[in-house]
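Protein chains in written order, with our numbering: chain P, 1 to 159; chain S, 160 to 900.
Hint data in this document are derived by calculation from the structure and do not stem from the laboratory. Be a bit skeptical, because a hint or two may be false.
[To be verified] What the simulated footprint calls covered on chain S by chain P, stretch by stretch (three residues with Cβ under 8 Å from a Cβ of chain P suffice, anywhere in the stretch; the number is not a length): (1) 184-191; (2) 196-207; (3) 246-253.
[Said to hold, decoys possible] The following label-pair restraints were derived from C-beta to C-beta distances: (4) P/E158 to S/L192: 48 to 56 Å; (5) S/G628 to P/M154: 27 to 35 Å; (6) P/N119 to S/K217: 31 to 39 Å; (7) P/N119 to S/Q183: 23 to 31 Å; (8) S/E816 to P/A44: 18 to 26 Å; (9) S/E465 to P/E126: 18 to 26 Å.
[Stated by the list, open to error] Taking lysine-lysine pairs in the DSSO-like style, the calculated list, with each CA pair at most 27 Å apart, reads: (10) S/K604 to S/K591; (11) P/K32 to S/K428; (12) S/K395 to S/K428; (13) P/K149 to S/K747; (14) S/K583 to S/K169; (15) S/K719 to S/K679; (16) S/K457 to S/K747; (17) S/K169 to S/K747; (18) S/K679 to P/K85; (19) S/K718 to P/K32; (20) S/K604 to S/K719; (21) P/K149 to S/K776; (22) S/K773 to S/K899; (23) S/K395 to S/K231; (24) S/K283 to S/K467; (25) S/K169 to S/K679; (26) P/K149 to S/K773; (27) P/K85 to S/K169; (28) S/K457 to S/K308; (29) S/K773 to S/K895; (30) S/K679 to S/K718.
Virtual Cβ for every residue (Gly too), placed ideally from N, Cα, C.
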Amino acid sequence: MSTHKITVKINGGLEQVEVPSNMSLLSMLREKLALTGVKNGCAAGECGACTIMMNGEPVNSCMVLAVEADGAELVTVEGLTTEGKLDAIQEALIDKNAVQCGFCTPGILISANALLTRNPNPSETEIREALVGNLCRCTGYIRIIEAVKAAVEMHKEEA
Amino acid sequence: MSKIKHMIGKSIEKPDARDKVTGQALYPGDINLPGQAYMKVLFAERPHAIIQDIDISKAVKLPGVIAVLTAKDVPVNEYGLIMNDQPVLCGPGSKKPFAERVRFIGDQVALIIAESESLTEQAKKMINVEYQDLPVISDAREAKNDHGKLVHPDRESNVFCHYQIRKGDLEKGLHEADVIIEGEYITPVQEHAFLQPEAGIAYIDEEDRVTIMVAGQWTHEDQEQIAHSLDLPPDKIRVIYPAIGGAFGGREDMSVQIDLALAAWHLMKMGIHKPVKTIWSREESIIGHHKRHPYFVKTRWGATHEGKITAAEVELVTDGGAYAYTSTKVMGNATLMCTGPYEIPNVKVDSYAVYTNNIPNGAFRGFGGPQGAFVAECQVNKLAEAINMDPVEIRMRNLLREGSLLSVDTPMPKGVTIDKVVHKCAEKAGWKNTDKGWQAPAISKKNTDIIKHGIGFACSYKNVGFSFGAPESCTAKVELHGKDTIEHAILYHSGADVGQGAHTIFIQFMAELLNLPLEKIHLIASDTARTGQSGSASASRITFMAGNSIVGAVNNALKKWINNERPAIAEYEFRPPKTTPFDPQTGKCQPNFSYGYVAQVVDLEVDTQTGKIKLDKVICVDDVGKAVNPLLVRGQIEGATVQAQGYALMENFIQKEGRTYTPTLSTYLIPTILDIPEQINSIILEEADPIGPLGARGMGEMPFLPFTPAVVAAVHAATGIWFDEFPLTPERVISKLHEKG
């Protein structure tokens with residue numbers, strides 16, 4: 001298997017990584033960069049637990065080859081916190097008890113964050129639509145919707 | 160001491176939530192240790208066969224492969240939670256009779272241990288297994304009576320569990336009835352689909368213990384089963400749970416535990432000191448662990464015109480799959496709960512669990528309760544229709560009350576509140592209690608030619624804790640540190656936090672009982688080397704059992720504190736009132752020591768053109784005794800309701816001839832955020848359980864139980880059709896609508 005040296009901007013820092021050509025971006029993040037906040041729930045683009053931001057868009061990192069990310073800007077759940085301070089959406093998920101087992105949480109956070117970045121004032125329907133790719137088996141999603149709504153309000157107060 | 164009490168009843172933040180929202184929480188697959196090797200399982204991937212030969216010679220020669228283990232390498236090649244009927248590895252060479260047989264597609268044949276994950280994959284393909292296929296036994300109803308084709312040739316029959324209840328005189332009861340409703344029901348298989356597939360890492364710790372970090376539900380049971388298979392004393396095995404990515408009963412039985420322990424132990428014997436790690440793929444998870452039991456039911460119930468249920472006869476047959484897992488316990492619950500939370504004078508129940516070559520069935524939220532509730536609630540709703548009585552009114556005339564005799568002829572434990580729960584739920588949904596009894600609200604939404612509306616009612620009860628004589632206890636250890644005042648306290652507890660928030664609850668109990676701020680409580684959890692036997696995180700038992708154990712340990716530690724012991728250290732083992740098994744003839748027993756009660760109303764619409772069902776509103780009233788953390792309670796109600804929605808409407812696990820056609824999350828569909836009800840109205844009642852810790856009852860499973868029959872009743876109200884089999888996929892709904900014409 002041939003390997004490739006790629007460079008990614010990840011959570012604000014630059015990283016050079018040598019990856020086999022068949023390695024998924026998910027495997028690279030978990031195995032090469034120890035970003036285990038990115039979860040592997042199916043490796044088939046079905047559950048959304050591995051969702052990360054790639055060049056400003058949420059993607060299932062299991063469905064992207066690592067080599068495709070050469071030169072890309074990536075944000076994982078680890079990158080949502082700035083200098084130890086949680087983002088509003090992270091605080092909101094805690095406040096509303098939208099975290100049970102927490103395995104889907106990193107993906108939920110990235111999808112929600114992507115939504116709020118492009119649409120700071122989403123309707124409930126828009127919230128539901130933005131999170132349709134993220135399966136959660138514990139919460140029944142109600143608290144998650146509440147949390148996104150609360151994060152919207154928190155952002156408004158900050159602004 | 161300043162008063163900071165009232166930690167109970169407060170929605171405090173979960174102590175693990177921050178790590179979970181920052182990606183710092185470590186699940187078993189996230190843990191890496193220096194020099195680790197990787198392990199892969201070779202699954203049989205055929206439902207019934209005899210393994211003639213396993214040739215590993217090529218695989219072991221591949222550079223980087225450390226070992227390939229087969230049946231002959233397992234010291235005691237058997238395991239099981241209630242009976243040791245499953246080989247750890249199938250194949251020739253072990254002492255276990257018939258271990259060379261594979262009995263379902265997820266049976267394990269070999270373990271490949273290598274320097275990298277890709278090498279394990281490569282080596283797996285180099286193993287040559289010679290199989291002689293056998294006829295596949297896939298229908299439990301046929302297997303029940305067929306003694307010629309056996310799944311386990313060392314048994315006389317495929318039936319491995321039979322219970323019966325004989326209360327009163329069934330024929331007399333049926334004779335007294337004005338109407339008799341007969342029914343045949345089928346409930347489906349359900350897959351847990353927890354988001355974290357099975358994973359773990361094993362190593363030899365500083366005290367030479369084979370140590371396994373894994374996600375499970377019962378550390379000490381894992382330890383015991385591993386010890387049995389490795390033929391080691393339990394204290395040479397250490398089980399630790401890091402963060403657990405959901406469970407719902409799906410981690411109650413072994414998956415990777417024994418494999419990992421065997422691998423690390425085998426390497427040690429080879430003089431190789433390497434941790435061993437494994438992560439299952441989603442497909443391996445789906446074929447590799449058990450499912451919710453499907454049930455095949457025949458029943459008839461009688462009632463008078465006055466709405467008095469006079470008799471119930473039920474025959475339950477369940478498919479246990481290839482091995483017993485917890486089938487006997489699940490069947491116990493179903494046998495009790497198939498006649499509902501009603502006092503019925505004449506009852507006859509016969510239940511059978513049967514081996515087949517399907518994936519084994521076992522624990523799943525509700526544990527036989529949902530299947531039982533489906534039968535009972537559908538029957539009561541049909542009786543109500545037959546005698547033209549309101550479904551709430553007929554329930555009020557038959558519900559279990561304080562002192563009522565169960566079908567197993569013993570009184571309910573004190574604190575029966577199902578009538579209050581039904582009352583509250585009916586009221587919230589717009590029912591009126593009139594001179595003529597309870598009356599349902601008129602449906603305000605207008606039906607069109609295509610869209611039909613309906614509401615449905617159901618209620619259930621579910622035991623808290625282990626039943627039918629199973630040993631039941633829970634241990635806590637508490638340390639109180641400080642000089643004049645308690646400065647901080649440490650709780651040692653094995654109770655598993657599978658995501659439900661058990662550890663939050665433990666800390667709340669500690670803070671309340673010791674009057675300490677939360678940050679002064681430290682929890683050391685789920686490590687068999689440090690924490691005592693807690694029993695499993697299942698059966699809605701953890702709040703009740705762990706809470707009681709913590710109350711006892713704190714009381715004992717405070718006594719020592721007053722006697723100036725520093726630190727004051729005390730352990731306490733809580734034992735609830737004893738339960739007893741079914742009498743083989745009559746079924747008479749004391750089945751349980753505590754129950755939780757729940758009622759639901761489902762308001763939905765059916766699109767008669769597409770067969771699609773849309774849930775507008777669910778009202779769920781749940782008596783939890785005391786809501787230790789109300790937001791966590793809501794999380795359980797909503798989570799259980801949506802899981803039940805998947806069960807009732809969507810989740811269609813397909814097996815044919817022992818093979819699975821839905822091994823992925825794109826073929827086995829669970830609810831997404833776009834599928835859930837518009838609204839879930841959770842109403843929490845707090846009628847103290849007399850023996851619950853600070854009054855708390857268990858509640859994690861209860862909201863699952865009445866959901867499906869409530870949906871079926873609502874669909875009947877909308878369309879006039881009774882569905883006796885589910886999930887109510889659009890396909891099933893539309894074909895029934897067409898049949899009706």
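Hints and how they fare:
no. : hint                         : in the structure
1   : 184-191                      : holds (count 6)
2   : 196-207                      : violated (count 0)
3   : 246-253                      : violated (count 0)
4   : P/E158 to S/L192: 48 to 56 Å : 42 Å, violated
5   : S/G628 to P/M154: 27 to 35 Å : 53 Å, violated
6   : P/N119 to S/K217: 31 to 39 Å : 56 Å, violated
7   : P/N119 to S/Q183: 23 to 31 Å : 29 Å, holds
8   : S/E816 to P/A44: 18 to 26 Å  : 25 Å, holds
9   : S/E465 to P/E126: 18 to 26 Å : 53 Å, violated
10  : S/K604 to S/K591             : 18 Å, holds
11  : P/K32 to S/K428              : 31 Å, violated
12  : S/K395 to S/K428             : 14 Å, holds
13  : P/K149 to S/K747             : 53 Å, violated
14  : S/K583 to S/K169             : 23 Å, holds
15  : S/K719 to S/K679             : 19 Å, holds
16  : S/K457 to S/K747             : 22 Å, holds
17  : S/K169 to S/K747             : 41 Å, violated
18  : S/K679 to P/K85              : 23 Å, holds
19  : S/K718 to P/K32              : 53 Å, violated
20  : S/K604 to S/K719             : 64 Å, violated
21  : P/K149 to S/K776             : 20 Å, holds
22  : S/K773 to S/K899             : 21 Å, holds
23  : S/K395 to S/K231             : 22 Å, holds
24  : S/K283 to S/K467             : 63 Å, violated
25  : S/K169 to S/K679             : 17 Å, holds
26  : P/K149 to S/K773             : 23 Å, holds
27  : P/K85 to S/K169              : 25 Å, holds
28  : S/K457 to S/K308             : 24 Å, holds
29  : S/K773 to S/K895             : 17 Å, holds
30  : S/K679 to S/K718             : 20 Å, holds
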